[in-house]
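Going down the list, the sequences are from chains A and B.
According to full-length UniProt numbering, the first sequence is numbered sequentially starting from 1.
According to full-length UniProt numbering, the second sequence is numbered sequentially starting from 1.
Derived by calculation from the structure, the hints in this document are not laboratory data.
One should not assume that every hint holds.
It does not matter which identical chain is meant; a pair holds if it fits inside one copy or across any two.
Calculated lysine-lysine pairs in the DSS-like style (CA-CA distance at most 25 angstroms, straight line) [claimed, not checked]:
hint : residue 1 : residue 2
1    : 27        : 62
2    : 208       : 436
3    : 29        : 62
4    : 480       : 29
5    : 226       : 27
All of these numbers come straight from a predicted model, not from anything done at the bench.
2 protein chains.
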Amino acid sequence: MSDDQELGITESKEHSPGEWYAEVVRKAKLADYAPMGGFIVTRPRGYALWEAIQDRLDGWFKETGVQNAYFPLFIPESYLEREKDVVEGFDPEVAWVTQGGHDELEERLAVRPTSESIIAPFLSQWIRSHRDLPLRVNQWCSVVRWEATETKPFFRTKEFLWQEGHTAHRDEADAWDETMTRLEQYEKVYEDVLAIPVMRGRKPDHDKFPGADTTTTVEALMPDGKSVQGGTSHHLGQSFAEAFDITFVDEDEEETVAHTTSWGLSWRAIGALIMTHSDDQGLVLPPTVAPEQVVIVPIWGEENREEVLEYGEGIAAELEEAGFRVEFDDRDERNPGFKFNEWELLGTPLRLEIGPNEVADGEATAVHRPDGEKSVEDREGIAESVQEHLDTVYAKLYAAAEENLEENVRDAESREEILGTIGRFGGYVRAPWCGKEECETAIKDEIAAEIVMVPMEGDDPDGECAICGEGAEETAYFAKSY
Amino acid sequence: MSDDQELGITESKEHSPGEWYAEVVRKAKLADYAPMGGFIVTRPRGYALWEAIQDRLDGWFKETGVQNAYFPLFIPESYLEREKDVVEGFDPEVAWVTQGGHDELEERLAVRPTSESIIAPFLSQWIRSHRDLPLRVNQWCSVVRWEATETKPFFRTKEFLWQEGHTAHRDEADAWDETMTRLEQYEKVYEDVLAIPVMRGRKPDHDKFPGADTTTTVEALMPDGKSVQGGTSHHLGQSFAEAFDITFVDEDEEETVAHTTSWGLSWRAIGALIMTHSDDQGLVLPPTVAPEQVVIVPIWGEENREEVLEYGEGIAAELEEAGFRVEFDDRDERNPGFKFNEWELLGTPLRLEIGPNEVADGEATAVHRPDGEKSVEDREGIAESVQEHLDTVYAKLYAAAEENLEENVRDAESREEILGTIGRFGGYVRAPWCGKEECETAIKDEIAAEIVMVPMEGDDPDGECAICGEGAEETAYFAKSY
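Looking at chain A on its own, in the form it has when it is part of the complex (with noise of 0.2 angstroms):
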């Protein structure tokens, strides 16, 4: 295949945003298929910007009193059979490892699909008394769950990255406190570092995390009108820590069940990140967590190509300098118009335009993705210029996501009118609700929409659930889902 046939992105994110996206993907080089259903290989593009998340949540983990310790990749079955202790019917789908080398294991070891039930033992060990509280651990690793769906690089893969955080302390208002600083450090990532503006709330109890007793989310919606699960954080009380005895000796010398939290991000987060900005040239990143954030392109005739590369050269050097990740595109075998459309399709956020006549008048002409907008700045400051261009175009991409989210918000009365809602435009639709499951499962059934949260605050709903009549006791944001 030809470079030139690589750089077109062929599917429409609007007629067909499966066939879109994971075209983006491919092209943008962000993650290849691996051999194997269901597991992708992260390309380096694609990895940056899981470090781009990586680095802003770990640094605002350990400003917060969390550690980063490594739990073992395999959980016994044993273990993860004492998680049915708190949770009923606890049955997870997971890759089971029964050979080592040539030998049969006596025991199969699961690959963790989540770590609780190997993390809360070494709790249970490290916690002898209320001095050693709050204690606060979390890894960045791969978890493995055997589902079997259809792949879809960073949004349904049987391994993906994430990270897991486990917390135990000594009352539930303190674990009540570490569950919302966490969702708010989630909620942070998505509205500063990868500009989606999320809802935060909560899961409807039948849809919680099996054992917590709150399960806490931001939910993001994506231009398709579908919710994603952005991040969640589990007040799990005092459940976990009495199955695996995580106690500890009060003030008064009394022995006390600690409450624990737990929580977890993971790489869905750049899939929500590449469907909300991205568009039918390929890939837009926000300034923050593009690989570079500025290319500048020469554009030169045989007479004055010296002087345009030194004069791209020098501002190149002047924003390394000032801390942009800068791209000077010099390459000879490449026309402009190539490199405009394959810096698109990267999603570069900031180009800068260097031709003879820049030169002469001493001026960059600054060209912003994804609309396209131009404009002439003075070669001298523009570092300064490009600080306000970067900052200019992360408002932008924060804009329309807002402006998406706050026209999709609607409300609904009957059945009727949630099915209508979401069928004819998606979103998310407010509506009254008694809390019991089967009135989910009647909205379920017809149209694959769910009750994705109901709000924290201010939830306080008047009449009737919308679905069977009897009195209300939450607001149920139903909406279709990732």
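With chain A fixed as given, assemble chain B onto it according to the hints.
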């Protein structure tokens, strides 16, 4: 078990090094044994050491053209089998996933023991033209090797953390440069970060990475006289490129086979760090990697508690401001002696003692770990003094390790001399060698020592092989090894 019993190291580094090592690892809270033999749980204080190594090395990798990526945890058996095309008798001991959810898999999946066989096919896809070269990817991940030996944290575990770099180049010279660049970075991690001098060399041909042209290594000598292979960088030549079809169109439009390398450094570096510097009081860490570089211990009586604490807080704030990792240990429930012991056990390089005298005189007493050297410093300019002390501690640790290395390289000219010298002193024994494996075997069978390296430069042996008496081709370094 009470805290007090937890604090003392009861084993002796000199007389029971294995038990001593295990005790230091556990009591300094670096790692615990996992429920499955061969696995450990890396606790925050242990993981912080890995993060310190990772931060440095990852920065150097990126400055020298390496990009991180992430390849699947599992490798299909048929992919692993392809490596048999490269290496006769390749039969790694791996963990096999045979069941996914409730189903048997059609093809077994190996948990990666190393990733050449899954990465090489993608390098083959990604590389088309000489413009795509050099291509360098690295991943930080865990690997599993199902070797049944006694567990020794960070040295012998079935799962271990490492980085593996994989690169492709247009010619042998470029691949060889790459091999050496990585080896030099490994050397630098040991010498400039871990305070451990190393020797650079290559493995004998019969001990190379399977399929490699040359395996280069950095070797560190432990105080017990055994060598640790600190990191390896493999020049793979064209064997992997041929087997996996990694080719490119060169400047003359010719299809050409690439040259590849791979290189890895594991958490064994943490093992070498612990083993090299620590003592019968516990862990000793160089300030480069210590989670706390300075601990301030206030010593007060009832009558001066407030002023001592305030004075200590001021120093802590100033040191933090200056960028040091500082702990102000103002715990009420512990006396200073207990605190001294605890921070010594945990390996903190510098202690500042602050009592009423120090407050009155505007001073602080600085105490080095591990040798207890004391000096009194002025409160004014404390940040500069602390920096000097930390530099001195680093230099002391390095000098001690260097002395151990320099004193323990000995020459031998016969089989008996090799055996006798290693048996009596340990360390490295340098001997002229014919290059044949059987001559190494003759030593190995007697004393479990092997040729850990052959120097890369200035290797010009005189005379005959110390073992068989035939012409010597190389200078072999014999040693027992981890």
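Checked hints:
Taking the shortest Cα distances, residue 27 and residue 62 sit within 25 angstroms of each other only across copies (23 angstroms), while inside one copy they are farther apart (35 angstroms). In this assembly of identical chains, the alpha carbons of residue 208 and residue 436 lie at most 25 angstroms apart only when taken from the same copy (14 angstroms versus 64 angstroms across copies). In this assembly of identical chains, the alpha carbons of residue 29 and residue 62 lie at most 25 angstroms apart only when taken from different copies (19 angstroms versus 31 angstroms within one copy). For a Cα distance limit of 25 angstroms, the shortest separation of residue 480 from residue 29 qualifies neither inside one copy, at 28 angstroms, nor across copies, at 46 angstroms.
For a Cα distance limit of 25 angstroms, the shortest separation of residue 226 from residue 27 inside one copy, 24 angstroms, qualifies, whereas the shortest one across copies, 51 angstroms, does not.
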